[in-house]
Amino acid sequence: MSKNPEFVKFDKVDKSYDGKVLVVKDLQLDIAEGEFITMLGPSGSGKTTCLMMLAGFETPTNGEILLDGNIISNIPPHKRGIGMVFQNYALFPHMTVYENLAFPLRVRKIEKDEIDKKVDKALSMVSLNGFETRMPGQLSGGQQQRVAVARALVFDPAVVLMDEPLGALDKNLRESMQYEIKHIHESIGVTVVYVTHDQSEALTMSNRIAVFNDGKVQQLSNPAELYEKPVNSFVAEFIGENNTFNGEVSDISGDKCKVKLSNAEILSNAISVKSKGEKTTVSLRPERALIEPSEKMDNMFSGKIEEVIYHGDHTRVRVNLLGNPEFILKVPNSTSNLELKVSQEIKIGWNSYDARALDPK
Amino acid sequence: MSSETKQILTTDGIPLEVSLKKAEKKNKIRAFLLVAPLLLFLFITYVFPIGEMFTRSVDDKMITNMLPKTFQAMEKWDGKELPSEEVFAGFYSDYKVLIENQTQGKLGQRLNKEKNGFNSITKKLMRQIKRNKIDENQSIKEQIMKVHKRWRDVEYWQAIKRTAPPYTMAKYLKGMDMYFAADGSIAQVDEDRRIHRILWLRTLEIALFVTIFCFLMGYPIAHLLATLPMKYSNLLMICVLLPFWTSLLVRTASWMILLQQQGVVNDFFVMIGIVADDNRPEMMYNKVGTYVAMTQILLPFMVLPLYSVMKTISPSLMRAGKSLGGTPFVAFWKVYFPLTIPGIGAGCLLVFILAIGYYITPALVGGASGTLISNQIAYHMKTTLDWSFASAMGLMLLSGVLVIYWIYNKLVGVDNIKLG
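Chains as they are written, first to last, in this note's numbering: chain A, 90 to 450; chain B, 46 to 465.
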């Protein structure tokens with residue numbers, strides 16, 4: 090396995106459209122061969138711009154993009170050999186499914202027999218055999234999406250870019266397509282760069298996720314680490330649910346710290362705080378805090394239940410805790426023999442290694 | 046309950062279809078009343094005039110009404126030898142009535158169109174009748190034949206017989222430089238007098254080239270309009286529409302100022318030294334003038350349908366074409382261009398149909414070699430007052446347009462036209 094860990098490399102890339110605002114700032118990103126990497130971020134965070142620069146539709150204002158060691162900034166899009174799946178599929182409406190898939194092969198002057206073989210293979214990959222003569226307008230959204238994926242893969246590109254390809258599908262179809270794309274990626278081992286603003290989509294599909302905000306990569310890591318160990322409060326906020334306490338570091342030793350809130354002191358992991366007196370936001374995932382814990386936990390406080398919302402598989406409990414009226418708890422319904430009532434006082438505990446003291450919001 | 050043969054009833058027991066009709070009836074009547082004024086308007090301004098034009102173009106009742114007894118007598122005549130006494134007598138009594146009504150001159154003019162020489166012999170006959178030289182108790186045939194030798198010529202009587210039917214296609218034949226020969230067959234006009242056929246061909250040629258020029262100029266403009274950022278495209282749109290809002294006459298007149306021999310364009314050519322001052326090319330009162338002015342005037346009709354179609358083509362399609370490996374040209378030719386065909390069809394059809402009936406511009410800048418069939422129609426409407434001929438040519442033009450529309454429908458399909 091001699092896979093190139095720097096198959097795609099963004100080297101100090103800046104991008105500005107108007108010469109006043111940088112939409113991408115000093116982007117440094119390496120993508121390994123065969124990796125499924127997702128660029129995740131709110132709209133306007135620069136993720137689509139990065140994709141367009143990679144595809145060749147935008148030029149970096151500064152810095153270089155390298156593909157397999159070669160600088161590609163000056164190569165026009167049609168010579169890059171990068172497949173792309175567009176947000177609205179961009180299927181050619183005047184061509185049949187077969188012609189759509191054959192298009193990239195025909196422009197490469199491939200023999201007719203070979204084209205037939207490749208188109209057939211690509212269609213079977215997305216289980217759409219027998220749809221060759223249909224027009225895109227006669228297909229459902231999900232089928233169009235699959236054709237678009239097949240078309241981006243049919244000419245065996247080294248990299249496939251996907252720009253929010255599932256945005257237009259309904260929830261169920263979107264979920265099944267997520268698995269389908271993931272499986273296709275696993276079976277053919279192509280490098281995929283995927284752009285989305287949907288965090289659950291990113292967590293489901295990717296090997297690694299680059300969280301974009303404000304033109305910068307905030308964190309680049311695998312889904313588990315991104316969720317469990319966010320490096321700053323933006324990531325903690327953006328990925329999954331998050332309880333926060335704003336306070337000031339009152340004591341720090343090693344990777345542990347004490348954070349002084351207005352009316353109490355909590356123990357936490359010190360992530361981005363270095364010294365006493367720093368302002369900080371402590372982040373805690375809702376499922377890590379327990380109600381009336383049976384074992385000993387190093388943070389134990391009591392709060393008043395403000396709201397109980399039934400969610401099917403779990404119940405969300407909103408508690409006013411330590412001056413934070415938005416503290417959320419997730420209680421699995423199987424064990425909810427606890428009779429949770431609004432305005433009831435309950436004890437809540439969590440371990441300090443689950444709490445992370447991050448940069449102040 | 047779900048059996049198909051069983052009639053479906055409403056909860057009140059009325060058959061569903063009846064109930065539905067009843068419920069919709071009011072709406073249908075209301076809808077019809079809403080469109081009724083428009084329907085009436087269309088009928089009065091469109092269907093009725095065209096019908097009127099058609100009857101006028103084939104109408105030939107004038108002589109039929111003037112010579113009723115003659116034609117009645119002629120029914121028995123074989124048309125080969127001189128007609129019998131009855132025909133002559135019929136003609137004599139018809140002609141006397143005309144003289145009393147003082148409309149005999151029209152007959153002479155009309156018959157003269159049918160055959161040269163009628164004017165003088167009818168006048169001569171009139172004078173004889175007025176002087177009471179014709180004795181009604183003797184053979185009228187002998188007496189009329191004595192008035193002038195042409196009355197003894199069977200060809201003149203044949204010409205009268207040809208005018209008998211109340212309807213004639215002669216005007217249509219004339220529009221194609223043909224006529225009914227003496228024996229009733231269709232003959233061609235002498236080669237040096239065939240002006241209409243030249244005009245038809247020239248009209249087609251100019252309309253075709255104007256359409257091509259408009260397409261070549263309009264396509265890039267429409268593409269720019271559809272792809273430029275809003276603030277530039279709005280400005281460009283105004284540039285396209287501004288001439289559109291200016292009076293046709295003003296625009297044509299400004300082309301006259303530009304194109305005449307001492308005009309702006311020629312001055313410019315002389316200034317930069319392309320042409321010599323004493324050898325200025327004629328760009329007006331010929332085809333060049335017609336081409337230039339008509340192309341400019343009809344350009345918006347090409348740009349607007351193209352623009353509206355191009356606006357709907359997602360820019361990601363071109364990107365997809367490029368990212369899949371097509372060069373910019375291939376992506377344009379295989380992806381973008383085929384998607385604009387409905388707009389091209391609409392624009393070309395619109396420009397061609399407008400161009401084929403164009404009147405003012407060729408009349409002003411066309412000169413002798415740049416005028417079109419519509420100028421000829423106008424000439425007959427205003428100068429010769431031969432309205433039936435003008436109607437016939439107008440209808441020929443209209444049917445030509447319908448044929449083009451039909452061909453277009455076969456080739457491209459009218460459903461594919463997009464005007465916006």
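Any given hint could be a false lead.
As the list claims (entries may be wrong) - Over 10 Å on every C-beta distance to chain A, these chain B residues come out as not near it, computed from the model: (1) F93; (2) L253; (3) R364; (4) K379.
Said to hold, decoys possible - Calculated pairs, EDC-like style, for lysine to aspartate or glutamate (alpha carbon to alpha carbon, straight line, at most 20 Å): (5) K379/B to D402/A; (6) K92/A to D107/A; (7) K379/B to E221/A.
Everything labelled a hint here was simulated from the structure, so no lab data went into it. C-beta atoms are modelled at their ideal positions from N, C-alpha and C, and glycine is treated no differently.
Worksheet item: Which hints, by number, does the structure contradict?
Response: Violated hints: 3, 4, 5, 6; rest satisfied.
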